[in-house]
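Enquirer: Residue-level listing of the chains:
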Amino acid sequence: MTRTRQADEPVVITGLGAVSPLGSSFDGIADALLAGRSGVRAIDPGPHAREAVQFAAPVADIPAPADGDPAAGGFPQLDRLERLCLSAAATAVADSGLDAECGARIGIALGVGAEHLKSWELDFLAGGDGVFVGRRQPTLVHRLARRLKLRGPALTVAAACASSGYAMALGRAWIDAGWVDACVVGGCDILSPTSLAAFYNLRALSRRSDDPAKASRPFDGARDGFVMGEGGAFFMLERRCDAVQRGGRIRGELAGIGMSSDGVHMVIPSTESVHAARAISDALADAGVMPDEVDYINAHAAGTPVGDVAEAGAIRRAFGAAADSIPVSSTKSMSGHMISGAAAFEALACLAAIDRQAAPPTINLDHPDPQCPLDHVPHACRPRRIRVAASNSFGFGGSNLCLVLKAA
Amino acid sequence: MIAHLRPHRPRRAACAIQAHAYVEAAFSRIAALRDEPPPTGAPSLPTRFLRHADEQTVVAVRAVLEASTLLPEPVAAARCGVVAAPCQAGRIATARSLALLQTGGAVTVSPHIVPQCSLHSVAGAVSVAFGMHGPHVGIGGGPDALSEGLFTALSLIDSGMPDPCDAVWLLVSDWESEPELDSHGEPLGEPVCRALAMLLAPEAAAAGTEPRIALVTPAGQWPADPPDEPDVDLAAFARAIDMCRSGMALASWAVNCPWGGRVRVEAGTESLVSSRREAA
Chain S
1 MTRTRQADEP VVITGLGAVS PLGSSFDGIA DALLAGRSGV RAIDPGPHAR EAVQFAAPVA
61 DIPAPADGDP AAGGFPQLDR LERLCLSAAA TAVADSGLDA ECGARIGIAL GVGAEHLKSW
121 ELDFLAGGDG VFVGRRQPTL VHRLARRLKL RGPALTVAAA CASSGYAMAL GRAWIDAGWV
181 DACVVGGCDI LSPTSLAAFY NLRALSRRSD DPAKASRPFD GARDGFVMGE GGAFFMLERR
241 CDAVQRGGRI RGELAGIGMS SDGVHMVIPS TESVHAARAI SDALADAGVM PDEVDYINAH
301 AAGTPVGDVA EAGAIRRAFG AAADSIPVSS TKSMSGHMIS GAAAFEALAC LAAIDRQAAP
361 PTINLDHPDP QCPLDHVPHA CRPRRIRVAA SNSFGFGGSN LCLVLKAA
Chain P
1001 MIAHLRPHRP RRAACAIQAH AYVEAAFSRI AALRDEPPPT GAPSLPTRFL RHADEQTVVA
1061 VRAVLEASTL LPEPVAAARC GVVAAPCQAG RIATARSLAL LQTGGAVTVS PHIVPQCSLH
1121 SVAGAVSVAF GMHGPHVGIG GGPDALSEGL FTALSLIDSG MPDPCDAVWL LVSDWESEPE
1181 LDSHGEPLGE PVCRALAMLL APEAAAAGTE PRIALVTPAG QWPADPPDEP DVDLAAFARA
1241 IDMCRSGMAL ASWAVNCPWG GRVRVEAGTE SLVSSRREAA
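As you go down the protein sequences, you meet chains S and P in turn. Read in order, the letters of the first sequence correspond to residues 1 to 408 in the working numbering. Read in order, the letters of the second sequence correspond to residues 1001 to 1280 in the working numbering.
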């Protein structure tokens, strides 16, 4: 049985915004991805995590919303996660041309997995006692909704590294159901001492501190873990007919979504790949495309020894023989792993591939692992016709998500 | 100007509650609950599965086990999804971790803190514990966890159940009142952790006697600045479902969403008819 989407009207992306180690404008990010530019560099994670990790893919600058934008007030005083989310979400709203105050019912679905953990941590490291007192306060998504003047449903959704992709799925479901006219969806994440140390102690991070830009090497035989990144992306979703009628610019269609769980382990993905493959197959069916109609796959591939092999198996299982000739790359080789923000950022990478008609590369892929037999795009981008792109996101707890994006 | 937008008509979506259970546990009881055998008739858990789990996960898993014993027929766990809406879960472990980080540095940070103390952790643990293959998500994380969890579960069911789902477990959990912690992250006093587990299925597939959860949205514009709703008590919500299941409730019970939606607990249609006959 495959999930049957009950709505016929396509849901499209009419606005986008991002904040990332590779820049904050769509064109800038697309340029960086296609040029194979790494955002990974040496960092000082502060006195508490310095002994663990000394490199990552940080965001250098967080653009404040434009003067006059009601979201801009008090921006510098907000914590880092709120500034990242607000910057990208406000850009997506402005880019869409939809006026939040004109009566449209606009919701917001925010994909963030550890808002409280990071909020308590930042407060604690600044001398606060919030974690010990535990005051219940409005969550980040409600603060974002008020700043952006969005009156519709506002929810935080978490599915580990697939969080912002699940936010996209939820936003489309709300539009399909008629709860909202449009929805702001996406997510971001930040680097913090505790998260760096926890992933390091889990032995999930690369330890190639001698050459940070070479450390993120998905699918490579010498990969030794992922590199943490920060940032993410937001989109405005609405029905195609509404976008056309108001003259909105359609960036692409969120055509297919597949979701499943391994149900096997809290951290390690299932090596059998059955359920990850099912998420991919469901997304293709939802989008109404056959495997050989997909022109590019943005892999989750973070660069962990087990995860990359499991994903290669899932891709081969879902795409069959078509996997021999569909270019696959992992943009995490350049952006690092943005955790909660990764799925949305990689959906944006798919839009960049469609816009530029080229598959971004996996950099540092010097010797592809024979256990990952895919049509890799090593080192340099591959120009080709791209109308349909699939993006995988797999997270802790065995959370599997695949998005299919189509050209406008 | 948005003349293209559709009229904002009132809308209703509903699902049935096939089973539910509410569990409370004082902090000092939770250590034992981690390894306690499941109740008779409930599925078993992997050995020591809850060893590193957050308190809200431990109590939520217990609520799923208790609810499982109330099902008239076993439900294939593999065909279930999970929506978990905890409130400030993971705070005790985070406080302990931060206290250690300050004195012992990065090496003291537990690798379990990310998988066990994040917003998705309750949903992930339930999905893994019972081998569920439908999607699992964490929702909310703050004071509106109940209405947000209800809305999300209804959205998933209303938009077409994802393959291979027949049903969705909705778990809502919190501390009765937020525990105050000492400088090492240990709770002062004896806080009570609680969880409500509900197995939700599409209304069309449900028995007529099963209580319903319905989401209704009003016509017209949503409020520009909706009033803050008082916290909804989880125990009272669980009692409302009990009453609807027993056919005692002729009146429904509602939770207001901050954006204007209203989630109602309703008795099943056959229960209502039966109750009205008895009342007559």
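One thing to keep in mind: the hints can contain errors.
To be verified - Just the calculated beta-carbon pair ranges, DEER-fashion:
#1 P:1029 / S:325: 35 to 45 angstroms
#2 P:1104 / S:210: 45 to 55 angstroms
#3 P:1072 / S:79: 21 to 31 angstroms
#4 P:1024 / S:70: 35 to 45 angstroms
#5 S:138 / P:1079: 34 to 44 angstroms
#6 P:1069 / S:97: 52 to 62 angstroms
To be verified - Footprint (simulated), chain P over chain S, 3 or more residues, beta carbon under 8 angstroms:
#7 13–26
#8 55–63
#9 75–87
#10 331–337
Stated by the list, open to error - Per the computed footprint, the stretches of chain S lying under chain P, defined by three or more beta-carbons under 8 angstroms from a beta-carbon of chain P, are:
#11 207–218
#12 377–390
No wet-lab data here; the hints were simulated from the structure. All figures in this text were calculated on a predicted structure; none of them were measured in a lab. Where is the CB? At the ideal position from N, CA and C, for every residue including glycine.
Enquirer: Hints first: check each against the structure and report whether it holds.
Expert: Hint check results:
no.	hint	result
1	P:1029 / S:325: 35 to 45 angstroms	59 angstroms, violated
2	P:1104 / S:210: 45 to 55 angstroms	26 angstroms, violated
3	P:1072 / S:79: 21 to 31 angstroms	49 angstroms, violated
4	P:1024 / S:70: 35 to 45 angstroms	43 angstroms, holds
5	S:138 / P:1079: 34 to 44 angstroms	36 angstroms, holds
6	P:1069 / S:97: 52 to 62 angstroms	54 angstroms, holds
7	13–26	violated (count 0)
8	55–63	violated (count 0)
9	75–87	violated (count 0)
10	331–337	violated (count 0)
11	207–218	violated (count 0)
12	377–390	violated (count 0)
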